[in-house]
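So the protein lines, in turn, are chains A and B.
Count along the first sequence from 1, then add 43; that gives the number in our numbering.
Count along the second sequence from 1, then add 255; that gives the number in our numbering.
If you're looking for bench data, these hints aren't it; they were derived computationally from the structure.
Each residue gets a CB set at the ideal place from its N, CA and C atoms; glycine is no exception.
It is possible that part of the hints are untrue.
If the Cβ cut is set under 10 Å, some of the chain B residues that face chain A in the computed set are [as the list claims (entries may be wrong)]:
1) Q338
2) Y449
3) D456
4) F457
5) A512
6) Q519
Each chain is listed here by its residues.
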Amino acid sequence: MGGPILFVEQLFNGISVASLYLLAALGLALSFGLMRVINMAHGEMLMLGGYLAYLTLQVVPGPLGFLVAMPVAFLGTAALGAVVELTVIKRLASRPLDTLLATWGLSLILQQAARNLFGAIGVDVTAPAWLNHVLPITSGPLAGLSLPVTRLFILLIAIVVLGALAVFLAHSRAGLWVRAVNQDRAMAAAAGIDVRRVDLLVFAIGTGIAGLAGVMLALLGPVTPTVGQSYIVPAFLVVILGGLGSLVGTTAASLIAGLFSALVQIFVDVSFAQVLLLVFVIAFIQIRPQGVVASRSRALDA
Amino acid sequence: MRLAIASVMAALCCTAGRGAVAAHPVKVGVLQSLTGTMAISEVTVKGAELLAIDEINAAGGVLGHKIEAVVEDGASDPAIFAQKATKLLQSDKVATVFGGWTSASRKAMLPVFQRLNGLLWYPVQFEGNECSPNIMYSGAQPNQQILPALTWATNQGFKKYFLVGSDYVFPRTANLILKKHIESSKLQVAGEEYVPLGGTDFSAVIAKIQAGQPDIIFNTLNGDSNVAFFKQMGARGLSPAKLPVMSFSIGEQEATAMGPTLVQGSYAAWNYFQSLESPANKKFVAAYQAKFGAKAAVTDPMVHGYIDVYQWKAAAEKAGSLDPTQVRKAAVALAAQDSPMGKVRFAPNQSLFQRAYIGQLDAVGQFKIIFQSPAEIAPEPYDPLIFPGKTCKPN
Chain A
44 MGGPILFVEQ LFNGISVASL YLLAALGLAL SFGLMRVINM AHGEMLMLGG YLAYLTLQVV
104 PGPLGFLVAM PVAFLGTAAL GAVVELTVIK RLASRPLDTL LATWGLSLIL QQAARNLFGA
164 IGVDVTAPAW LNHVLPITSG PLAGLSLPVT RLFILLIAIV VLGALAVFLA HSRAGLWVRA
224 VNQDRAMAAA AGIDVRRVDL LVFAIGTGIA GLAGVMLALL GPVTPTVGQS YIVPAFLVVI
284 LGGLGSLVGT TAASLIAGLF SALVQIFVDV SFAQVLLLVF VIAFIQIRPQ GVVASRSRAL
344 DA
Chain B
256 MRLAIASVMA ALCCTAGRGA VAAHPVKVGV LQSLTGTMAI SEVTVKGAEL LAIDEINAAG
316 GVLGHKIEAV VEDGASDPAI FAQKATKLLQ SDKVATVFGG WTSASRKAML PVFQRLNGLL
376 WYPVQFEGNE CSPNIMYSGA QPNQQILPAL TWATNQGFKK YFLVGSDYVF PRTANLILKK
436 HIESSKLQVA GEEYVPLGGT DFSAVIAKIQ AGQPDIIFNT LNGDSNVAFF KQMGARGLSP
496 AKLPVMSFSI GEQEATAMGP TLVQGSYAAW NYFQSLESPA NKKFVAAYQA KFGAKAAVTD
556 PMVHGYIDVY QWKAAAEKAG SLDPTQVRKA AVALAAQDSP MGKVRFAPNQ SLFQRAYIGQ
616 LDAVGQFKII FQSPAEIAPE PYDPLIFPGK TCKPN
């Protein structure tokens, strides 16, 4: 089955899935790269973003509600991320296994809180009308192909977030501090950089991006207390594949993972594609243990 | 067996010793997923089962005992279902258990109920191909839901079928049966795709649907995946009005939670719809909404769960015992009883005689009934095309 249209369609779908993986994984890659903290509650930040979008749409209905929901979700989850950093992560920062357990517990608490507040049944977030249509291609060799505007929009948001993050890291004062701490924490501290504040900033930005990703997921899927769970595994996969703590690596890994599973799905079903993706990642890190882009932050004992 | 004897003795001692009013309640298990991906569907089944228990208690209980429900969470995980079933039978010593939704959960619990000689009342439509004396299968067999839907679709003139399902035993077996029947009727299968339970990425599935150009989609997705499927179909411009979808796991409540506009116009096949016009149904819906809110939706598996509790009570009273073996033997000998979904009774193969209905979703998440089978359909656990000569006779 298929033909060139299906192939091109799957190329587009692969890039679209990659954009979701990227949004879900960026925060994880940032906080792991800088602080060596594995945040098991990262998926719940996605979930929270979805619920914040739902709440925003209750307050601001209409076509522009969705545009309001994005900054609300970003700031809301970033604020929660900051609280988590100050109350939990900071106190356990030197004990990676304890942070793993603590954030896992936090993830369970957040899931149950969402269940108690909003019910086990998901809430309904509908894409606004200006997003909910397709862009048909009617001429040229790809006539017959149609691209959903929702997915194009998510792709655009992913590119904007990535660009903003790159500019922030490369050109701002705070970005300079982040890079300095990333290279050598002790040296940066000796040079007068408030390392703790940099940690806080990076963690908050990372969770904020996850919240934004949650809004995007709400366009395509359900908003339920457990929605984060289905994205946390691909996100970790992308972080490992990309090489920890590298923007370029995370982006490349998202594209590799997204395109790999989309193209494999031309021949097999979704379930089997997941198996093949895992096999592929295992094989890849056998050959290249440092990931797509080597980074000094990889070693836990660095 | 020890459990069985204990419960018989308990029943005897108290009815004999103190007349009609028993001192201690009868424990029954209610085991549904209250968390995880299946919670969207199962939490309300628990509600309906508890409603039946409350009603029976208000009317004097069963065999003179009040019923005490022990509610457990299967957490959408078959292993946890098995573990909680063991706990209910061994530690709580329940007389019977009402629960389960996915076939994976039922398959996981089956050996537990067989080993400990318990009795499970299973309220959901399933793929058949199973026949255990320790389970009462009140949900539809394939010939009571899937095949009537195929017959209806064939009569409507649909010729090319695309099968989409969650990747576990119900959709796989249901589609096996559907494919056999589609091919034997000289119709065409345009494609068959599976997504992991709880999966939310349908981009490739939808691309293949577009490539296969079916007349109708037969959807056996379960739980939250349905939201993602319909949202992404909608984003592709494939609303149910453009490409009909027949769903087997979307009821009133799922439709409401998904946002009815998303699924408006799509079809579903069940043995019960909230919109059924009968006095028994109106009474049941009113009672449920009085307890759980005026907007609460009522669905087919909920009604099956509700009926199961009443069937258990009637069977226990006919048997004069709470012993699982005697209860299940009495259950298949009961006369037809009126229920919210019409007259029902258990066949000797421990499945329910019931009617099939096809409904079309409206703008508020209710179904307009557009077809009903002329009579109650006898349950057939083994499809004759797939399992020729195989029959189900629990003893």
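Violations among the numbered hints, reported as their numbers in ascending order | Structure breaks hints 1 and 6.
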